[in-house]
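Undergrad: Under my numbering, the first residue of the sequence shown carries the number 7, and numbering increases by one thereafter.
By construction, these hints were calculated from the structure, which means they are not laboratory data.
By construction, the Cβ of each residue, glycine as well, lies at the ideal position given by its N, Cα and C atoms.
Be aware that one or more of the hints could be misleading.
Label-pair restraints from in silico Cβ distances [unchecked claim]:
hint	residue 1	residue 2	range
1	Thr-102	Gln-279	20 to 26 Å
2	Pro-48	Thr-354	25 to 31 Å
3	Pro-262	Leu-67	41 to 47 Å
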Amino acid sequence: MNPYVLATLLSSLGLGTTLTFASSHWLLAWMGLEINTLAIAPLMAQHHHPRAVEATTKYFLTQATAAAMILFASTTNAWMTGEWSINNLSNPLASTMFTAALALKIGLAPVHFWMPEVLQGLDLLTGLILSTWQKLAPFALIIQTAQNIDPLLLTLLGVTSTLVGGWGGLNQTQLRKILAYSSIAHMGWMIIVVQYAPQLTLLALGTYIIMTSAAFMTLKMSMTTKIGTLATTWSKSPALTSTTALVLLSLGGLPPLTGFMPKWMILQELTKQDLPIIATTMALTALISLYFYLRLCYAMTLTISPNTTNSITPWRTKTTQAALPLALFITATLGLLPMTPTIMMLTT
């Protein structure tokens with residue numbers, strides 16, 4: 007892609023998100039989300055592969071539907087209350103419609119079906135942008151309006167997403183689809199606690215972005231998109247293979263890795279709010295997700311190619327990816343748990 011075009015598209019992505027962050031008016035927030043969608047579409051379709059074009063079309067249609075719902079919800083709210091302010095979402099119909107639209111935008115269950123299909127058709131770096139940066143603007147709106155949304159609806163969305171995210175990833179062999187289901191499960195963890203402690207949602211979103219960036223960059227470095235080819239990566243770069251296993255366990259939320267921190271604090275908050283059944287359900291759904299991360303670790307580090315895999319060893323071409331961002335993200339993914347007391351002090 008032409009560097010000038012790429013720079014324009016990336017700066018538009020930044021502008022769209024910043025616009026939504028800074029807005030207190032519904033139309034401005036909607037405009038930011040639209041700029042975001044329009045800026046990422048050419049990035050998604052840049053390889054001109056039929057799958058990439060199909061993924062772009064699916065993504066565009068779902069995002070356009072969600073944007074139209076947001077516009078309709080905000081217009082209804084303005085009609086009922088006479089105000090366009092984001093903080094004044096007092097009409098129950100508008101609030102429910104708005105929640106459904108944002109759930110569709112970030113891929114929460116039960117409106118998650120586009121997410122694995124779209125991610126499967128994309129290049130790993132574009133998939134990384136879709137899984138991380140594109141979640142920021144909708145989450146800014148969710149956090150601003152969480153107090154006006156029905157708590158039962160948020161709880162249902164959270165529990166359903168963690169269940170679907172764990173269950174859907176069990177039977178997959180494509181790594182991008184597994185990461186899509188992982189994303190759905192993590193979104194569920196964030197949405198369940200937003201009504202009680204929005205700062206924990208921000209913490210979970212931050213750690214999710216760090217861990218997912220590390221996972222995507224590792225797969226890009228080893229040029230792997232299927233579980234079968236994971237078994238051949240150990241001979242190519244043993245050090246990267248061992249850290250990848252730890253990154254995946256961090257995504258699963260195992261101590262003493264960074265991924266344990268947000269889960270631990272969210273479960274603690276749910277218990278404080280006198281919701282032991284929901285906290286137990288969330289902990290059990292995390293176990294389902296952990297199973298497919300362990301499956302990836304097993305395929306990657308505990309199988310010796312070619313005796314246990316039918317895949318052909320890929321060509322060992324030199325990667326052009328910079329190693330420094332990957333090293334920084336892996337370090338953050340593995341070693342931020344000791345920061346927990348500081349974060350607890352800041353979030354309480």
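Undergrad: If any of the earlier hints don't hold here, list their numbers in rising order.
TA: Structure breaks hint 2 only.
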